[in-house]
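Asks: The primary structure of each chain is shown beneath.
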Amino acid sequence: MTTGQEFYLVVLLVYLGTNLLAAWGLNLEFGVAGIANLAYIVTIAAGAYTYAVCTLGPSSNHSGFQQYIGGYTLPFPVAVGAGALGGVVAGVLIGITGLKRLRPDYQAVVMLVISLMAVTVVSADQGLLNGNSGLALIPGPFSDQDPEVFRWAYVGIVALACVAGFFVLRRFTTGPIGRTLRAMRDDEYAAAAVGKDIVLLRLMVQAVGGAFGGLSGALLVAFIGGWNPGAWAYVETLALLTAVIVGGVGNDRGVTVGTFVIATLLLQGLQFLPEITAREGLKQDLGWILLGTLTIAFIWLRPQGIFPERRPKYGGQSP
Amino acid sequence: MSLLIEAIGFGIASGAVIALGAVGFSVQFGMSNILNITYGAFMTLAAYLGLFMIDRNTNPWVALAVTGVVIGLASVVYHRLLLAPLVRRGTRAFSIVIVTVSAGIVLQYVIVAIVGPDTQTYGEQSGNTVHFLGMILTAGQVTIIALAVALMLALHLILTRTTLGKAMRATASNRILAQSCGIDTGRVSDAAWFLSGALCGAAGVALAITTVSFDFTLGAVFLIPMIAAAVFGGIGQPYGAMLGGLAVGVAGEVVAAYSNPEYREVVAFLILIVILLVRPRGLFGAAWAARRLMA
Amino acid sequence: MPTQTGPISLGVIAPFTGPAAEFGKLLSAPCYAATDLINAAGGVMGHQVNCASVDDTGDPADAVPNVTKAIATTTNFDMAVGLESNTAETTVPIVNSSKIPFFTTNGNTSFTKNSYAYYYRLTASDDANGAAFAVWASQKGFKKVAVILQNGIGSEGNLPGINAAVPKLNGSIAINLTIPADASSYSSEVARVIAAQPDVLIWSADPQTTATFMANYKQLNNGQLPPMVTATDSLTPDFFGPVSKVVGVDYVTHDIYLVGSFLDQSTPAFNTYKAALLADSKTHDIAPVLAAVGPPAGAYDGINAMALAMIEAGTTVGSYYNKYIIDVFKPKAGAVVVNNFADGAAALKAGHTIQYVGVLGTPSFDANHNSAGEFVANVFAADGSASQVGTIPGSQVLKLLS
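In order, the protein sequences belong to chains D, S and L. Oh and the first sequence: position 33 is 33 in my numbering, straight run, nothing missing. So the mapping is simple: my numbering equals the position in the second sequence, first residue as 1, plus 319. So the mapping is simple: my numbering equals the position in the third sequence, first residue as 1, plus 614.
Calculated directly from the structure, the hints in this document are not laboratory data. Note that the structure is a prediction, hence the values are computed from the model and not measured. For every residue, glycine included, the Cβ atom is placed at its ideal position computed from N, Cα and C. Hints may be right or wrong, so weigh each one.
Said to hold, decoys possible - Covered stretches of chain L, as calculated for chain S (at least 3 residues, CB under 8 Å):
#, segment
1, 788-802
2, 823-832
3, 984-994
Whole structure, please, built from the sequences with the hints as guidance.
Replies: The structure is reproduced here in structure tokens:
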């Protein structure tokens, strides 16, 4: 394998890992708890920006060409943790707007608008996070080491995060918490009637889901080194949502498969298509057309996804 | 002070286009209880269809009328083929919103795949400017304001004076009861989607005229102000949408005149969120309509 | 010395989709022109050179897999141009660590100081361009300046230069507005600008934004429009077409000045370049206007320099020929001065040393591999082509920035 091919493989793996973390978080919110969070990408962005302002150091370090709040130089693990916390804060703030019990589709539109508004506010204010130009020169761990070593070490870090993340995820999607969340999703009033604190549950789910998003964003931005509003438009949540819907709503393993199929196989596979027409960008457009069509097709034909959620059977059988 | 009055004038002009779109959106929701996010992509389609005709020397207003009819028909087909079956099957409202969002993305990217991402324009807006009470409007903008008022008046008359209109209102408020009264709710739905689709098409072309230059993101960008306007006035209420359009348009332009122009968009977002969280039925929505919006 | 077999790939890493999609085809043009000439002269040591488009999508996160995939799967990926503003921060490190020499056309001030060994830039950074706008406005006698920039990295980058230069030139900034891109109306912003009564607009925005804004301006100002100084990035049919359709060809040809990197249009290098653009059917239509724009010409010169450096090094592999690139441009005693690839290749084959003087003249690279050069003001002609109307010395611009 040439160095170039190795590098590509590393990129695919790192992207798969960060996409998985994000998809799991979204599945927790949407699939398991029934919260229609179309603003999920904002938690990812929050994680990325938090990591960035925790590692960039003061603006004067880079001859002041970018402005931003914060500007600390924290070690990598701390900064990633800060990123996850950034996601938590974003998730909870978004969740608070969802507390008003609107119809789910109105809820969805409110979330969509929050997503759009976040992009606009960050773009508008240059001093906050350098506006539309975004942040650059964001350092990753071991950046002084040999790049080839760094790459595979980073795959290891992301893999570790995924393993740990999956373990944590299962605590929320299975067992007593998982059952409570599904009960809340299926019939909120019944769940409340049995004494479950719906508000607390929803905020907790938004916090945990946000943590996954923030972690995903922080790990991604440490790897690629730059981040601007072009990277987190509202449609990105829909790409993740397609992975969740196709893979299996409410099914962690299904969502894992779905993310691999959609994010890696489909979207990257499109890049291997030969030039169809004179226009190079057609592949990218095709990608969005396929994503949208897949979502519609699955909602029409198989809304539970490829791997449906396993409903627990009571009376002796374990789920 | 003169800046404020000018800004209000600009707000009325943009508000007219917003209102045109918002009314159609509102009617679709009132009739079928669906938040049709694909509406924006249909507006984009309308703008490009208008461009196709205008480039072949069609009068812009004729193009607007023709496009209205085409998009009206397209909306009926879209509802019949995709949305109505999903509703019949009991698909959750949230999933239907996802379907409409996805369909909007598909339509938008099909358009760009065919015509490319370049900037398009209908050409120089000929015509004089009208100075009125300190506001400055072009002849085109005045025509659009007049058109918006006329179309809304027409819609109001249809809804209140014609049998079809009454059937539409009956179906919107209680479908099953309407069916048991012998109303062919399928055909009435079709009529509502045709009318609202025609308004969508007209709004798309009107938007392309006022915005002077546009690309494939036209409808997507305009969608939120329209939904904000529709919800502000009370979804399902045409007059409410008109007021909402004015509110969103004027508020946006005043903010752009006095602070960061980026915040013009944010105003529309804020109006939408605040209304949904504080008074979901909107300004003129009846209390019973509010129940439809609650979970 | 490693050798490669088969054709060499020259990557054009640019947006072909997304908000800046027009740059993709604009940056492909110099690639076609250069490779047509190189291949007609027999290629680089017998290897044909092919242009390979790599879509960076304008999204810095999506750009990374696309670029790494291209590097992984394209055979003999030994040269690159492009790496546009929105995504440069994430794509430059990748191309550099893959040891592929590249001439970039972005103007990000973040690269003014850098330590990328394979990075080269022949055109000025955005803040230097901004200062050049200010100098031109001052030269034309415009004192009150309205600075209107689109919210985006390429345009915003101009601002520090404008802010530094205008006061030093005894001008004043009457109003400084950042406008959102591609909005449906700018009436309120226009009203504010009109109220400030500027002599000139210093402007940077994409064609769609420009067309809508200027149309609103014309409507609100009784048909009058102030003159505009903008970047040569707008010296494209995409800009000329919609804007003249909307405010009329007269204004576009008389009152819009496009300032950017200077290229001497009387040199043999320029004539060869322009002829190549006209000869290729893919670039024929945009040739008259594109030939006058700095960054694509910089890409063209860079490609020639890289090809000649390959011959000097005796290999097409980037990590080996990279150190010869700057040398190709350097004046040296006894060197044969060449203006195109064919002459350079022949001279090298005959055993001479060469100095390549390209469309952008002789660059003076600093330690960061940046060379700013001189500046020039262009205007459009009625057919959409461009002509030069005045120069701005690079040294003056740099002095204003410090």
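Asks: Given that the segment 788-802 of chain L was listed as covered by chain S, double-check it with a C-beta distance under 8 Å for 3 or more residues.
Replies: It holds: at least three residues are needed, and the segment 788-802 of chain L offers 11 whose Cβ sits within less than 8 Å of chain S.
Asks: Between the segment 984-994 of chain L and chain S, are there enough contacts, at least three residues with CB-CB distance under 8 Å, for the coverage claim to hold?
Replies: The restraint on the segment 984-994 of chain L is violated, since only 0 of its residues have a Cβ under 8 Å from chain S and three are required.
Asks: Check, residue by residue, whether the segment 823-832 of chain L contains three or more positions whose beta-carbon lies closer than 8 Å to a beta-carbon of chain S, and give the verdict.
Replies: holds (count 4)
In this structure, the one hint that does not hold is number 3.
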